[in-house]
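Asks: Keeping their order, the protein sequence lines are chains A and B. Numbering-wise, the first sequence is residues 0 to 629 according to numbering that gives the first Met the number 0. Numbering-wise, the second sequence is residues 0 to 507 according to numbering that gives the first Met the number 0.
Everything labelled a hint here was simulated from the structure, so no lab data went into it. C-beta atoms are modelled at their ideal positions from N, C-alpha and C, and glycine is treated no differently. Treat the hints loosely; a few may be bogus.
[To be verified] Here are the in silico distance ranges between beta carbons for each label pair:
1) B:Glu486 to A:Glu54: 54 to 60 Å
2) B:Ser502 to A:His59: 20 to 26 Å
3) A:Gln600 to B:Ile99: 40 to 46 Å
4) B:Tyr154 to A:Met599: 27 to 33 Å
5) A:Glu591 to B:Glu486: 47 to 53 Å
6) A:Trp610 to B:Leu103: 48 to 54 Å
7) B:Ser50 to A:Leu588: 34 to 40 Å
8) B:Asp349 to A:Ala596: 43 to 49 Å
9) B:Tyr465 to A:Met53: 32 to 38 Å
10) B:Asn435 to A:Ser72: 46 to 52 Å
[Stated by the list, open to error] Distance condition first, Cα-Cα at most 27 Å in a straight line; then the derived BS3-like pairs of lysine-lysine:
11) B:Lys151 to A:Lys571
12) A:Lys158 to B:Lys426
13) A:Lys560 to B:Lys426
14) A:Lys459 to A:Lys26
15) B:Lys206 to A:Lys26
16) B:Lys426 to A:Lys109
17) B:Lys439 to A:Lys158
18) B:Lys437 to A:Lys158
19) A:Lys571 to B:Lys427
20) A:Lys479 to A:Lys375
21) B:Lys368 to A:Lys109
22) A:Lys459 to A:Lys374
23) A:Lys556 to B:Lys426
24) B:Lys447 to A:Lys628
25) A:Lys158 to B:Lys151
26) A:Lys448 to A:Lys560
27) A:Lys459 to A:Lys448
28) B:Lys151 to A:Lys109
[Stated by the list, open to error] Which residues of chain B face chain A? A partial, calculated answer using Cβ under 7 Å:
29) Asp295
30) Ala320
31) Ala363
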Amino acid sequence: METLVYTALFAPLVSSLFAALFGMTPKRQFVGIVTSLLLFVSFVSSALLLDYVMEFGSIHVTMMDWIVAGDMSVPFGFNVDQVTAVMMTVVTLVSTVVHIYSNGYMEHDKGFNRFFSYLSAFVFSMMVLVMSDNFLGLFIGWEGVGVCSWLLIGFWYHKEDVGRDVNPSISPAWAANEAFIMNRIADLGMLVGIFLIYWNIGSLQYDVVFSHLDGLSHGMLVAIGIFLFIGAMGKSAQFPLHTWLADAMEGPTPVSALIHAATMVTAGVYLVIRANPLYDMIPEVGYFIAALGTFVAIFAASMALVNRDLKRIIAYSTLSQLGYMFAAAGLGAYWVALFHLAAHAFFKALLFLGAGNVMHAMHDELDIFKMGGLKKIMGWTYAYMGVASLALAGIWPLAGFYSKDTILEVAFNEHTYGIWFILWLTAGLTAFYSFRLVFLTFWSDSRYKEFGFHPHEVQKYVLWAMAPLAILAVVFGWYKDSFMEFVTRTLPLYEMSEHTHHMVGVLIAVTTLVAVGGIVVAYLMYSRRLKRNEKIEKSLPYRVLSNQYYIPIFYEKAFSKPYAELSDIAWKEIDMQVVDATVDGIAHLVEESGDGARGMQTGNLSDYLKWMAFGVIALAVLAVFVAMKS
Amino acid sequence: MENILSVLVFFPLIAALLGILVNEKSIRAYGISVATIEFVLSLWLWMSYDSANGGFQFIEFFPIASDFGINYYLGIDGISLFIVIMATMITLIGIVSLSITKNLKNLIISLLFLEVTMVGVFVSLDAIVFYLFWEFSLVPMLYIIGAWGGEKRVYAAVKFFLYTFTGSLVMLVGMLYVAYIYHSVSGVWSFALTDWYALVLPLSVQKWLFWAFFLGFAIKVPMFPFHTWLPYAHGQAPTVGSVILAAVLLKMGSYGFVRFSLPMFPDASVAYIVPVATIAIIMIIYTAMVAYAQSDMKQVIAYSSISHMGVIILGTFAMNAEGITGSIFQMLSHGIVSGALFLLVGVIYDRTHTKEMSQFGGLAAVMPKYALIYGIMLMASVGLPLTIGFIGEYLSLAGFFKISPIMTLLAGTSIILGAVYMLSLYKKTFFGPVTNEKNKTLTDLNSKELMGLVPLVAIVIWLGVYPKPVLVPIDNSVKALVSFMHEKAQTPEARAIIKVSKSTKEAK
């Protein structure tokens with residue numbers, strides 16, 4: 000079984016290194032094929048491990064020591080339990096699909112080989128993140144996915160910086176740096192959490208840490224919980240560290256599907272799920288996580304309502320769904336969070352890949368106002384995106400229905416009706432903006448003709464590659480009970496109260512009602528023709544939403560600019576004018592006093608005698624003075 | 000080889016003297032051969048070193064002026080071993096990747112002299128011998144900056160020399176005073192470090208001496224506000240000068256704290272944790288900001304050096320094995336990474352004769368290999384796990400966290416601010432369209448440059464993934480040091496704060 004663990008983990012690394020060999024040469028088709036095969040190998044190993052874990056329980060392997068200093072000893076150790084096995088399977092499945100898909104999507108790109116190298120490196124980092132048996136190992140993956148995300152967002156690095164009014168993300172390179180730096184801010188919080196764990200427990204191994212939590216004071220547990228969650232907020236783009244995710248859409252679309260929808264951004268949720276023994280002991284922090292998640296859910300959904308950028312809309316919906324996951328995890332329903340995480344990975348990756356097909360067809364145009372009527376030309380893509388959107392909207396019997404409804408039930412069961420209501424409302428908004436996108440892209444009038452586009456459907460094998468995701472987006476929810484039974488062998492079981500049980504039918508009905516309502520409104524507004532309403536588009540709420548509540552501009556004015564100015568002052572005014580000038584001033588003083596003293600060296604003997612007499616007197620006075628004092 | 004340390008010190012010296020006879024044409028090959036032999040000797044030292052033993056090894060003792068207690072006394076432990084190896088390696092790489100042709104013979108001879116002093120400083124166990132090597136190291140560097148530097152080279156060289164010299168003089172007074180106390184206690188003169196370690200000084204005396212040594216070390220590191228000589232020195236020095244300065248010479252200062260201040264003045268060191276750490280935090284944050292404000296690529300790296308040295312100082316004053324081991328590892332890591340970064344700046348300067356980032360942009364498309372290696376070093380510099388840069392930074396911060404979580408949080412901003420200036424440098428230089436016509440025809444790294452850089456890349460990844468072979472010898476010596484400090488400490492505060500690791504082996 001150890002072999003399987005290592006195969007699943009290292010196949011992506013081998014894949015990345017293999018592609019890297021050709022990183023600077025022109026496109027080689029076999030690079031795409033070999034990396035996809037290696038990823039498939041990793042997927043098969045993960046699936047076999049899942050099966051093994053299902054039957055025999057978790058596997059633990061320790062490869063070698065990593066950091067050994069003082070009393071700290073951190074190994075490269077990997078633990079495959081139920082949660083990890085699920086994560087591994089989801090990650091490698093989506094990754095394999097995205098690798099195959101990218102063969103088509105990146106077909107004409109100069110950086111074809113380089114792209115696969117980065118993409119596989121990402122998968123390796125993600126596997127380290129989910130498989131590690133200790134917090135520092137998780138941190139390796141955590142930072143690793145951050146770097147790969149940086150490389151992939153900035154993949155088209157040659158593009159120039161432009162103003163926010165032209166492109167809200169400014170440029171791929173800018174967006175990449177923003178993502179990296181914002182994640183680093185959160186990572187500092189995570190490091191502090193790790194330090195707290197180390198100095199209070201003396202180990203970073205999950206099993207040791209979680210079995211020693213009882214010995215810690217409540218305040219310390221809260222501190223650890225908060226600092227770890229700060230780390231999670233960065234990776235999962237929770238408010239106020241959310242702006243990078245929408246800007247990350249500058250990366251190639253397969254990247255958005257894999258990293259910025261299905262896998263990396265869920266790392267924060269994974270961390271909270273993994274640390275469930277900790278968060279179970281500090282329900283107040285859990286409640287805060289749930290509240291923040293709920294806020295992000297509706298906050299992100301509101302921005303998606305008015306956006307015209309195909310990818311940004313999906314990015315906001317990702318953000319919103321991450322909020323749902325945190326709401327569930329925060330309320331203690333860890334398995335529900337994991338269930339939604341997996342379901343979301345399938346339908347959101349599918350949605351993004353579909354969006355990639357549309358972009359491909361539309362020559363990288365992203366404005367949905369310039370599309371319309373594409374269902375006649377791109378039937379398959381339309382079907383895929385329709386299925387994914389129905390799943391996202393939470394329509395029976397698709398995956399999103401099961402996972403999202405359970406989250407709402409949990410919120411209801413916990414008597415956190417505020418959270419329930421906001422999440423319920425958000426479900427309606429989700430359905431609306433998802434279908435606004437679908438209708439404006441695939442239905443309504445064929446506006447693309449005015450702009451001279453000649454859309455076409457993508458290659459057959461690309462469509463086939465997307466099929467597994469589509470199937471899972473439909474059927475995954477049907478296995479809710481067996482999923483629960485499986486993961487709750489590690490995660491705490493979440494029981495609904497009697498009262499909630501009685502209400503389930505009603506809850507499902509009202510949720511479905513609001514979701515269908517959202518779709519109907521979108522249908523009425525956008526299915527025939529795009530009617531633009533100048534008055535609404537100029538109104539304040541619309542502008543606030545389309546400018547992301549002016550938060551990016553606020554960050555620039557409140558943080559980036561002042562930091563740059565302060566840095567300039569630190570250098571020019573303080574370092575040069577004060578610190579260095581003082582040093583030079585002292586040096587000049589020494590030089591001048593030496594210069595002045597040169598006057599004494601006249602070569603005239605009587606002058607020297609005068610100075611000597613002066614010196615003798617001075618010494619005598621000093622001697623008397625010292626003698627008197629002592 | 001019993002006298003391996005003497006061989007390491009004197010082989011380059013003899014080679015440098017013989018080098019005067021070598022003709023200009025073959026001097027490069029000669030320099031590389033000598034540096035290679037020296038490097039191999041230092042590796043041999045590592046192979047023969049007993050990792051389990053934390054004490055001094057390969058000790059050589061030979062009286063010079065025994066009446067005055069001055070002896071030729073050499074030895075190494077885990078703390079100095081790897082710095083010696085790094086010094087010989089960086090010298091080799093510096094010579095291999097030399098692109099200077101003017102007065103090459105003088106330059107190579109100077110570099111070999113410099114190597115003598117660098118190795119000498121780290122293997123000396125006699126304060127006077129240490130001091131001699133310490134001061135002699137200024138001379139070749141002064142010459143290298145003054146003769147092969149940029150436009151303002153004389154100003155920069157003199158500033159470098161006078162500034163560090165002044166600090167060292169104060170340190171010398173401190174050393175003489177320690178020797179005086181030793182004499183008044185024992186009746187004999189001694190400058191042997193091991194004798195000094197045994198000396199238990201009252202706290203009031205420790206405090207004065209602490210600052211006397213501090214000044215010498217702090218200017219060398221350089222610590223805020225004594226750092227302004229460094230940007231000038233780097234700005235004017237030729238590439239090889241900057242590489243050695245950043246990689247090895249700065250480490251003399253931080254090494255001094257570990258070798259002298261901690262074991263000799265444990266109580267004073269503990270008493271001054273807060274002021275020293277405050278300076279370290281100022282170094283980390285303030286110089287990171289100054290680095291961000293630079294328009295010259297080399298100045299960014301120069302200021303970033305100061306910022307990273309702040310983390311090293313912080314780790315040193317963590318008073319536990321985690322932090323001190325981390326800080327020594329970070330010295331190595333900073334040596335490798337900043338050395339590589341200065342080499343990389345040299346690569347582009349050789350081609351374009353400018354270091355202004357505004358002249359670049361889009362280089363990733365023109366020079367992919369260059370961009371790749373620069374990117375790896377960037378990531379190591381910002382402390383990415385699985386690169387060499389993470390281990391030391393992580394351990395230093397983790398160690399100091401025991402002393403003060405709040406100060407560690409402030410110092411930890413290093414991982415954010417470091418990313419800010421390095422990523423901004425990378426974006427300005429490598430990303431975006433190629434705006435400067437001249438840059439469209441730049442050639443990528445040539446084989447000579449790759450020969451210097453590829454080994455550094457290999458080390459960055461090797462020690463990031465598997466640091467154990469280096470970490471364990473360091474850690475064993477550090478544990479011995481910490482338990483020694485703990486035993487020696489007199490004040491209850493110091494005894495409480497100096498934390499002996501549970502895994503410390505019984506001192507032999």
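Asks: Now tell me if each hint is right for this structure.
Replies: Each hint, compared with the structure:
no., hint, verdict
1, B:Glu486 to A:Glu54: 54 to 60 Å, "holds (56 Å)"
2, B:Ser502 to A:His59: 20 to 26 Å, "holds (23 Å)"
3, A:Gln600 to B:Ile99: 40 to 46 Å, "holds (42 Å)"
4, B:Tyr154 to A:Met599: 27 to 33 Å, "holds (29 Å)"
5, A:Glu591 to B:Glu486: 47 to 53 Å, "holds (51 Å)"
6, A:Trp610 to B:Leu103: 48 to 54 Å, "holds (51 Å)"
7, B:Ser50 to A:Leu588: 34 to 40 Å, "violated (52 Å)"
8, B:Asp349 to A:Ala596: 43 to 49 Å, "holds (47 Å)"
9, B:Tyr465 to A:Met53: 32 to 38 Å, "holds (34 Å)"
10, B:Asn435 to A:Ser72: 46 to 52 Å, "holds (51 Å)"
11, B:Lys151 to A:Lys571, "holds (19 Å)"
12, A:Lys158 to B:Lys426, "holds (11 Å)"
13, A:Lys560 to B:Lys426, "holds (17 Å)"
14, A:Lys459 to A:Lys26, "holds (21 Å)"
15, B:Lys206 to A:Lys26, "violated (66 Å)"
16, B:Lys426 to A:Lys109, "holds (20 Å)"
17, B:Lys439 to A:Lys158, "holds (16 Å)"
18, B:Lys437 to A:Lys158, "holds (19 Å)"
19, A:Lys571 to B:Lys427, "holds (21 Å)"
20, A:Lys479 to A:Lys375, "violated (35 Å)"
21, B:Lys368 to A:Lys109, "holds (16 Å)"
22, A:Lys459 to A:Lys374, "holds (16 Å)"
23, A:Lys556 to B:Lys426, "holds (21 Å)"
24, B:Lys447 to A:Lys628, "violated (70 Å)"
25, A:Lys158 to B:Lys151, "violated (38 Å)"
26, A:Lys448 to A:Lys560, "violated (43 Å)"
27, A:Lys459 to A:Lys448, "holds (24 Å)"
28, B:Lys151 to A:Lys109, "violated (44 Å)"
29, Asp295, "violated (11 Å)"
30, Ala320, "holds (3 Å)"
31, Ala363, "holds (6 Å)"
In this structure, the hints that do not hold are numbers 7, 15, 20, 24, 25, 26, 28 and 29, in rising order.
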